[in-house]
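> Respectively, the protein sequence lines represent chains A and Y. Quick note on our numbering: the first sequence kicks off at 1 and runs consecutively. Quick note on our numbering: the second sequence kicks off at 1 and runs consecutively.
A hint or two may mislead.
Restraint ranges, calculated between C-beta atoms of paired labels, are given here [as the list claims (entries may be wrong)]:
#1 A:D82 x Y:A85: 18 to 28 Å
#2 Y:K207 x A:M123: 45 to 55 Å
#3 Y:K139 x A:K58: 25 to 35 Å
#4 Y:P45 x A:S161: 31 to 41 Å
#5 A:V83 x Y:K80: 47 to 57 Å
It should be emphasised that the hints constitute simulated quantities derived from the structure, not laboratory data. Keep in mind it's a predicted model, so treat the numbers as computed, not measured. Ideal Cβ placement from N, Cα and C applies to all residues, glycine included.
Take a look at the letters that make up each chain.
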Amino acid sequence: MLCRVVQMRRCAATLSQSINQAAAAAARHKHTLPELTYDYGALEPSINAEIMQLHHSKHHATYVNNLNVTEEKYQEALAKGDVTAQVALQPALRFNGGGHVNHTIFWTNLSPNGGGEPQGELMEAIKRDFGSFQTMKEKMSAATVAVQGSGWGWLGYDKESGRLRVAACSNQDPLQGTTGLIPLLGIDVWEHAYYLQYKNVRPDYVKAIWNVINWENVTERLQSAKK
Amino acid sequence: MLCRVGQMRRCAATLSQSINQAAAAAARHKHTLPDLTYDYGALEPSINAEIMQLHHSKHHATYVNNLNVTEEKYQEALAKGDVTAQVALQPALRFNGGGHVNHTIFWTNLSPNGGDEPQGELMEAIKRDFGSFQTMKEKMSAATVAVQGSGWGWLGYDKESGRLRVAACSNQDPLQGTTGLIPLLGIDVWEHAYYLQYKNVRPDYVKAIWNVINWENVTERLQSAKK
Numbered sequence: 001m002l003c004r005v006v007q008m009r010r011c012a013a014t015l016s017q018s019i020n021q022a023a024a025a026a027a028r029h030k031h032t033l034p035e036l037t038y039d040y041g042a043l044e045p046s047i048n049a050e051i052m053q054l055h056h057s058k059h060h061a062t063y064v065n066n067l068n069v070t071e072e073k074y075q076e077a078l079a080k081g082d083v084t085a086q087v088a089l090q091p092a093l094r095f096n097g098g099g100h101v102n103h104t105i106f107w108t109n110l111s112p113n114g115g116g117e118p119q120g121e122l123m124e125a126i127k128r129d130f131g132s133f134q135t136m137k138e139k140m141s142a143a144t145v146a147v148q149g150s151g152w153g154w155l156g157y158d159k160e161s162g163r164l165r166v167a168a169c170s171n172q173d174p175l176q177g178t179t180g181l182i183p184l185l186g187i188d189v190w191e192h193a194y195y196l197q198y199k200n201v202r203p204d205y206v207k208a209i210w211n212v213i214n215w216e217n218v219t220e221r222l223q224s225a226k227k
Numbered sequence: 001m002l003c004r005v006g007q008m009r010r011c012a013a014t015l016s017q018s019i020n021q022a023a024a025a026a027a028r029h030k031h032t033l034p035d036l037t038y039d040y041g042a043l044e045p046s047i048n049a050e051i052m053q054l055h056h057s058k059h060h061a062t063y064v065n066n067l068n069v070t071e072e073k074y075q076e077a078l079a080k081g082d083v084t085a086q087v088a089l090q091p092a093l094r095f096n097g098g099g100h101v102n103h104t105i106f107w108t109n110l111s112p113n114g115g116d117e118p119q120g121e122l123m124e125a126i127k128r129d130f131g132s133f134q135t136m137k138e139k140m141s142a143a144t145v146a147v148q149g150s151g152w153g154w155l156g157y158d159k160e161s162g163r164l165r166v167a168a169c170s171n172q173d174p175l176q177g178t179t180g181l182i183p184l185l186g187i188d189v190w191e192h193a194y195y196l197q198y199k200n201v202r203p204d205y206v207k208a209i210w211n212v213i214n215w216e217n218v219t220e221r222l223q224s225a226k227k
């Protein structure tokens with residue numbers, strides 16, 4: 001009789017462990033590479049097909065894979081309450097997580113039907129906070145070109161003041177996590193984003209990218225941000 | 001008589017100012033782009049000619065030009081004792097100054113007759129501090145590939161301990177100014193250093209560059225560092 005109780009206890013323990021693992025696995029969201037809504041060559045001549053293909057299927061894909069690996073390790077460290085391990089994983093989480101967040105936004109910010117000028121709510125906000133669309137373009141372009149090393153230029157929304165702001169971040173630091181600003185429009189100036197086509201002439205790339213900006217998407221992001 | 005004294009005083013003041021300006025201008029060292037001691041195509045197939053030409057004549061040249069401009073502005077701020085202006089110029093000095101220092105070392109670290117293994121004093125130091133040449137290569141390669149964003153991998157000399165160390169720096173942060181280690185061998189992993197040839201596959205570039213390392217130069221740097 002005691003034998004069977006012990007057996008049942010062991011069985012229950014194993015079952016419990018399996019349930020916990022399943023729960024943990026279920027709780028962990030697995031990130032995936034989002035698809036583009038346009039072909040790799042669709043943004044030519046502003047951004048060429050070779051760049052788009054490498055950028056999406058290699059660079060962004062690597063951030064996604066490494067983010068999943070990092071989150072899995074983080075989950076284990078969290079489960080053990082291991083603070084040292086958690087802190088050690090922070091740079092990888094910031095880098096790969098930021099890389100995934102940033103590029104996911106970026107692909108939606110671009111469109112083969114993009115360019116021109118925004119309208120309605122977004123245009124009003126731009127005129128109010130920068131004086132004119134041209135001034136906003138100049139400020140954002142300048143901040144983006146001036147990034148030292150790898151990073152991004154951003155048009156962000158400051159919820160506190162209700163204003164649009166231009167900002168820049170290093171490496172893959174995500175705008176919202178780093179500054180609190182809600183990202184509306186990003187321009188990637190890691191060299192992989194333009195070098196094959198523009199070589200060292202970053203200003204030419206930043207000038208050309210305005211031709212493929214998806215203002216509808218930027219407007220949607222502003223509307224979401226205001227809620 | 002008083003008139004002439006006044007005149008003489010003004011003349012002396014102007015003369016003094018001119019002398020100071022001349023002295024300041026003379027004291028300011030103007031940086032120049034160093035020539036390579038080999039053709040742009042000489043390091044093929046490890047690093048191709050297109051990369052070498054852009055890297056040297058565009059990227060490094062820009063650091064040199066911007067460094068000179070920054071140092072001139074800094075001189076003015078210094079002359080006025082303007083601390084705010086000096087601090088504001090620090091990032092540009094670090095970035096362009098570091099860029100110039102780093103690339104100047106880099107060109108000498110490479111050679112079409114390079115590769116294989118070091119000998120003598122340098123090899124002894126490597127064996128002593130890493131166990132073997134292979135281990136040093138592995139450690140330095142790993143640290144270099146792992147740089148997040150733009151930066152450099154380094155083999156440096158720690159004067160305090162008399163030991164060789166592997167290190168990595170971000171952006172154009174110069175090794176010695178940032179860490180105190182004396183730079184012996186650097187590997188540039190800004191994307192402009194390899195992307196045209198290796199695309200996103202940084203590890204392949206870092207693997208190939210060992211074929212063109214100028215061990216004589218690295219040895220000379222070690223001997224200098226020990227003095």
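> Next step is simple, just say for each hint if it's right about the structure.
Status of each hint after checking the structure:
Remark: the range hint 18 to 28 Å for D82 of chain A to A85 of chain Y is contradicted by a beta-carbon distance near 47 Å. Under the hint 45 to 55 Å, the C-beta atoms of K207 of chain Y and M123 of chain A, about 51 Å apart, fit the expected range. For the pair K139 of chain Y and K58 of chain A, the beta carbons lie near 26 Å from each other, so the given range of 25 to 35 Å is met. Between P45 of chain Y and S161 of chain A the CB atoms are about 55 Å apart, so this pair departs from the stated range of 31 to 41 Å.
A hinted range of 47 to 57 Å for the beta carbons of V83 of chain A and K80 of chain Y is consistent with their spacing of about 49 Å.
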